[in-house]
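Asks: Turn these sequences into a full structure, and let the hints steer you where they fit.
Here the protein sequences line up with chains X and R, keeping their order. All the letters of the first sequence, read from the start, carry residue numbers 1 to 248 under my numbering. All the letters of the second sequence, read from the start, carry residue numbers 1 to 130 under my numbering.
No lab work stands behind these hints: they were computed from the structure. Check before you lean on any hint, since a few could be wrong.
[As the list claims (entries may be wrong)] Below, computed lysine to any residue pairings styled on SDA-like, alpha-carbon distance capped at 25 Å:
1. R:K42 - X:S87
2. R:K37 - R:Q124
3. X:K3 - R:I29
4. R:K37 - R:K126
5. X:K48 - X:L220
6. X:K4 - R:K126
[Claimed, not checked] Facing chain X, from chain R, some residues (calculated, C-beta under 8 Å):
7. I15
8. I28
9. Y32
10. Q74
11. E77
12. Q89
13. A90
14. L105
15. S108
16. L109
17. T119
Just so you know, even glycine gets a beta-carbon here, dropped at the ideal spot from N, CA and C.
Now for the letters of each chain:
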Amino acid sequence: MLKKLFVFILLFAIGYYLVATFRSIPLGENRVGDIENPTTVSGFYLDKSPNDLKVANSITAIVVNFRGFDTLGEVTVLFLAATGLASILYRKEEDEEEDDNRHHISHRLNLPSSSLVRTGAKILFPLILLLGIYVFVHGHLTPGGGFQGGAIIATGFLLMLVSYKGFTTNHNVMVWLESIAGLGFVGVGLYGLFAYGSFLQNTGWTGNLNDLVSGGFIPLIYIFIGIKVATELTNVLDTLLNIKPRKK
Amino acid sequence: MIDFSIIFEQYKDGITIAIYGTAIFLIIIGLYAVLLKKHLVKIVIGLSIMDAGIHLLFVAVGYISGGTAPIFSQGNEGSAATMVDPVPQALVLTAIVIGFAVTALALSLVIRLYKHHHTANIDQLKSLKW
Numbered sequence: 001m002l003k004k005l006f007v008f009i010l011l012f013a014i015g016y017y018l019v020a021t022f023r024s025i026p027l028g029e030n031r032v033g034d035i036e037n038p039t040t041v042s043g044f045y046l047d048k049s050p051n052d053l054k055v056a057n058s059i060t061a062i063v064v065n066f067r068g069f070d071t072l073g074e075v076t077v078l079f080l081a082a083t084g085l086a087s088i089l090y091r092k093e094e095d096e097e098e099d100d101n102r103h104h105i106s107h108r109l110n111l112p113s114s115s116l117v118r119t120g121a122k123i124l125f126p127l128i129l130l131l132g133i134y135v136f137v138h139g140h141l142t143p144g145g146g147f148q149g150g151a152i153i154a155t156g157f158l159l160m161l162v163s164y165k166g167f168t169t170n171h172n173v174m175v176w177l178e179s180i181a182g183l184g185f186v187g188v189g190l191y192g193l194f195a196y197g198s199f200l201q202n203t204g205w206t207g208n209l210n211d212l213v214s215g216g217f218i219p220l221i222y223i224f225i226g227i228k229v230a231t232e233l234t235n236v237l238d239t240l241l242n243i244k245p246r247k248k
Numbered sequence: 001m002i003d004f005s006i007i008f009e010q011y012k013d014g015i016t017i018a019i020y021g022t023a024i025f026l027i028i029i030g031l032y033a034v035l036l037k038k039h040l041v042k043i044v045i046g047l048s049i050m051d052a053g054i055h056l057l058f059v060a061v062g063y064i065s066g067g068t069a070p071i072f073s074q075g076n077e078g079s080a081a082t083m084v085d086p087v088p089q090a091l092v093l094t095a096i097v098i099g100f101a102v103t104a105l106a107l108s109l110v111i112r113l114y115k116h117h118h119t120a121n122i123d124q125l126k127s128l129k130w
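Replies: Right under this line is the structure:
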């Protein structure tokens with residue numbers, strides 16, 4: 001009871017100071033400033049993105065080019081999360097017997113889904129993959145990008161995993177795709193280091209604004225990120241949904 | 001096409017209270033769930049709700065009255081002056097991915113704890129207390 005009181009006092013204090021802080025930050029005010037002679041970071045990005053890099057989506061330009069090293073770290077965090085999930089949920093064979101309260105859950109999971117769901121999933125799966133690939137290939141032109149496209153592809157695999165009982169992804173293909181994508185990202189960064197002097201430095205050639213092939217390395221890196229995110233999220237879903245005891 | 005800046009200027013106070021209020025309310029709800037709920041899955045859900053509130057707050061701070069998405073698509077090449085701030089959006093894109101990683105890892109720990117103790121109630125996980 002006393003704990004509850006303390007928690008409510010704490011929540012009230014945090015809420016009060018958040019409200020008091022954001023009362024002095026008006027919504028909708030222009031904080032970017034002048035674009036032609038930028039004085040803020042945002043103005044600099046909005047100026048450089050279409051004029052120097054020729055990338056239409058300036059958020060992609062920030063995520064992949066200006067803050068590319070940060071994105072490399074982000075992809076690493078995602079990889080570590082997927083690996084940590086798999087290693088935490090990995091169980092040795094002898095633990096399986098003491099699992100008595102799993103039976104009613106796994107019984108419900110083992111019921112086959114209806115033919116309507118299965119046929120619909122089979123038709124939708126390639127279309128979802130196509131949409132995901134479209135989103136990450138056009139990441140520098142339209143809203144979306146590698147992370148979003150990868151998430152869309154993972155939802156396609158989720159649909160197949162929940163509608164087909166025995167559906168599993170090919171582990172070797174996943175590992176190879178993920179490794180190639182990760183090494184590709186690092187390889188592009190190292191190419192920038194050796195050819196232009198700094199890690200993840202973009203090429204001088206940038207093409208035209210709103211072309212599919214434009215922006216130097218940015219589409220290439222976003223395709224790598226898309227493949228990597230798709231395989232990692234699919235691995236997470238596969239690990240979480242297939243915790244059933246392994247066949248001996 | 002509807003000009004959103006007119007609508008925004010007309011109802012500015014209400015929209016400000018609605019957006020900031022929703023975001024702060026989500027943060028408070030998430031913190032409440034983390035601090036007071038007993039079920040581990042509910043605590044993880046509380047973390048996710050807190051994440052959502054922070055993302056909303058970030059994107060709201062970057063909004064500019066009448067601004068469009070910061071994408072120089074065909075016909076919008078010269079409209080950089082009316083675009084919203086792209087930096088908070090890029091940061092939120094990062095934060096969403098990190099939030100996913102945190103949720104996945106926390107859920108795997110919850111599954112492991114549930115298998116070991118056969119309960120997800122933190123009051124009954126006695127071996128954690130010192």
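Asks: Regarding the pair K37 of chain R and Q124 of chain R, is the alpha-carbon distance no greater than 25 Å?
Replies: holds (13 Å)
Asks: Has the given pair, K42 of chain R with S87 of chain X, been kept, meaning a C-alpha gap of at most 25 Å?
Replies: Given that 25 Å is the threshold and the Cα spacing comes to 23 Å, the pair holds.
Asks: Can you confirm whether the C-alpha distance between K37 of chain R and K126 of chain R stays at or below 25 Å?
Replies: Holds. K37 of chain R to K126 of chain R sits at ~16 Å (cutoff 25 Å).
Asks: With a cut-off of 8 Å, does the beta carbon of S108 of chain R approach a beta carbon of chain X closely enough for the hint to hold?
Replies: For S108 of chain R, the interface hint holds, since the closest Cβ of chain X sits about 4 Å away, which is under 8 Å.
Asks: Measuring from the C-beta of A90 of chain R to each C-beta in chain X, is the shortest one below 8 Å?
Replies: holds (4 Å)
Asks: With a cut-off of 8 Å on the beta carbons, see whether L109 of chain R makes it to chain X.
Replies: Hint on L109 of chain R: holds, closest Cβ of chain X at ~6 Å, below 8 Å.
Asks: Is the Cα-Cα distance between K3 of chain X and I29 of chain R 25 Å or less?
Replies: holds (17 Å)
Asks: Should the interface hint for T119 of chain R be scored as holding, given a Cβ-Cβ cut-off of 8 Å against chain X?
Replies: Given a least distance of 10 Å, the restraint on T119 of chain R is violated.
Asks: Restraint: Q74 of chain R near chain X, CB-CB cut 8 Å. Satisfied or not?
Replies: Constraint on Q74 of chain R satisfied, holds at 5 Å.
Asks: Is the hint on I15 of chain R kept, meaning its closest Cβ partner in chain X is under 8 Å away?
Replies: Check passed: Cβ of I15 of chain R comes within 7 Å of chain X, closer than 8 Å.
Asks: Can the hint on E77 of chain R be confirmed by a CB-to-CB distance to chain X that is less than 8 Å?
Replies: holds (6 Å)
Asks: Measuring from the C-beta of I28 of chain R to each C-beta in chain X, is the shortest one below 8 Å?
Replies: This interface hint holds because 5 Å falls under the 8 Å limit.
The structure fails to meet hint 17 from the earlier list, while all remaining hints are met.
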